[in-house]
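Undergrad: As a plain string of letters, each chain reads:
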Amino acid sequence: MVYVVGKRGLSSKYSRRRLGKRGNEDVLTFWIWELLVVGMIFIVILLAIRSIVTSNGYWKKYYSMDMALIADLENTNQGDFTVNYQLKGQAQSFLMKVMAPPRLFEIALKYDSIEVSDADKQENQYPTIFPYSKHKTINVNANSLISDFLVLSKTGSALSLEDYHVGTLSKCASLQPFDSHKDMTTLGYDIVSINDETNNMAASVDNILKNRPPLLDPANDLAIILSYEPNSYFTIFYSTPDNEPRSHKLGCLIGTHYARSFPDNSYDVLPYDGSLSSSMIFNNYKNGKSADQFFIILKLSDKEISMDQNDFAMLIQDAVREYYR
Amino acid sequence: MMTDKRPIKMSDHKSHKELKKKKGQADYLISNSFRIAFMVVALIAFFLMINFYVSTKIDVQNLQAQALLNRILYSDAVMYSNPQTARVYVGIVDMAKFNDASLDASISYGNFTRHVSAKLKLLKKLPEIPGGDLFIADAYLNRHEFEIQKPRLSPSGKGAATMYITKYPVTYLKDGIYDYGTLVVEIIIPNS
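Read top to bottom, the protein sequences are chains A and B. Residues 6 to 330 in the numbering used here are what the first sequence spells out, letter by letter. Residues 14 to 205 in the numbering used here are what the second sequence spells out, letter by letter.
Some hints could be false.
[Said to hold, decoys possible] Here are the simulated BS3-like cross-link-like pairs (lysine-lysine), alpha carbons at most 30 Å apart as the crow flies:
#	chain 1	residue 1	chain 2	residue 2
1	B	Lys36	A	Lys141
2	B	Lys163	A	Lys141
3	A	Lys308	A	Lys291
4	A	Lys66	B	Lys171
In short, the hints are calculated from the structure, not lab data. Since the model is a prediction, treat every value here as computed from it, not as a measurement.
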């Protein structure tokens with residue numbers, strides 16, 4: 006059998022004399038070795054790029070410097086000072102998932118510095134440290150935690166670093182609802198009315214939200230559910246647990262706008278307590294959606310039902326717009 | 014024993030039989046050395062280019078200096094503060110606190126003494142002498158480190174340090190008397 010691959014291909018390298026049985030073996034051996042070397046080099050390059058992409062050194066340095074400088078400023082300030090600090094999210098494309106798994110850091114507030122280390126201590130045991138200057142009257146509540154949302158606060162004479170706990174926040178977190186503004190589409194939302202009393206209000210909210218400019222949302226999954234309970238007060242329930250921070254932020258914003266518009270009325274922002282589990286409308290709606298769908302339940306009282314529907318719908322719109330801003 | 018009399022070419026691949034001989038192996042290595050060398054150079058260039066374009070440097074020296082300056086100007090380290098209300102009167106230097114001990118106690122970097130150091134100098138303007146200033150007092154934050162770092166200001170590079178100088182018009186309070194002056198803040202931050 007004779008290989009002839011063009012005038013300047015194999016035939017020029019391997020004479021017809023060589024391309025006998027032994028010649029074929031030589032050619033095959035040569036190509037196998039060549040492919041092995043190419044494969045090895047490709048793997049080495051891929052591993053090198055991966056190690057650069059997944060290297061947390063830059064981000065450890067960045068977060069330690071940033072948070073230490075914030076801590077420095079908090080020690081200057083005489084009043085209370087709270088900073089909600091969200092660590093940078095990562096692109097969730099397929100390539101990035103394969104090349105760079107999500108970063109997890111352990112962040113520690115020490116007496117005189119901020120230390121950032123890899124959450125997996127075995128991966129890299131050396132933390133990045135950046136000092137800050139503590140005021141003589143400040144007591145540091147040294148703490149260490151693994152989270153992508155941190156609250157660095159100076160309250161009274163205590164400087165502390167905490168995780169994001171929706172129930173204990175005194176104001177709405179500066180949480181970004183999404184990582185990127187890429188691939189945004191016009192917000193697709195559902196307004197669900199549970200009771201007859203809330204039908205008109207739901208229609209008003211829907212009409213107001215349809216107004217221009219359109220809201221943009223990459224997730225396209227907002228649901229505002231309105232229910233009515235007589236002899237109660239306005240309560241905002243946020244969905245738990247998968248979308249808790251996002252849902253809580255929207256609920257918190259609605260509450261803030263409500264308090265601004267109706268300062269004499271009382272309201273509450275609470276985690277969803279399952280009170281609508283017996284509602285057929287609610288169950289039918291939820292059955293058609295994924296389990297982790299992001300929703301807000303507005304339990305209206307007689308006050309909200311009797312007030313101008315446009316005013317109420319407007320405050321919902323303001324909160325939603327602020328959320329997606 | 015058969016020998017191949019053909020001249021060796023770069024592209025010539027040795028046969029199985031030839032590669033069993035020492036000469037054949039040497040020929041094979043020589044003929045492929047250019048390829049290997051080229052591949053090594055290409056790989057090195059590839060990694061150098063990747064590392065060149067990946068930036069890991071974060072320079073916050075200026076920000077550090079500004080944070081410390083604001084700390085000095087707006088905290089009670091050297092500024093007058095009401096002992097009852099703890100309110101700080103920004104821009105009024107309390108000469109009773111204008112000393113190393115007060116500065117070091119108010120602005121402490123703990124074990125990181127090398128992080129930053131500063132010298133505060135208070136001057137009084139003399140209107141009768143154009144450009145003339147009268148030295149009133151000075152105070153150091155981390156004096157020992159300041160004196161170590163000061164000779165390192167002139168060279169550049171990682172082992173050197175950078176000084177940031179800011180002048181700030183202030184009122185100073187000394188023995189119950191207020192007067193106008195200029196606060197000169199010299200902040201030294203090591204380059205690495």
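Undergrad: Work down the list of hints and note, for each, if the structure agrees.
TA: Comparing the hints with the structure gives:
1. Taken as a hint, the lysine 36 of chain B and lysine 141 of chain A pair is broken in the structure, with Cα atoms around 80 Å apart against an allowance of 30 Å.
2. Proposed proximity of lysine 163 of chain B and lysine 141 of chain A is supported: the alpha carbons are some 27 Å apart, at most 30 Å.
3. Taken as a hint, the lysine 308 of chain A and lysine 291 of chain A pair is honoured in the structure, with Cα atoms around 28 Å apart against an allowance of 30 Å.
4. Between lysine 66 of chain A and lysine 171 of chain B, the direct Cα distance comes to roughly 17 Å. Compliance with the 30 Å bound is thereby established for this hinted pair.
When the structure is compared with the earlier hints, a violation turns up for hint 1 alone.
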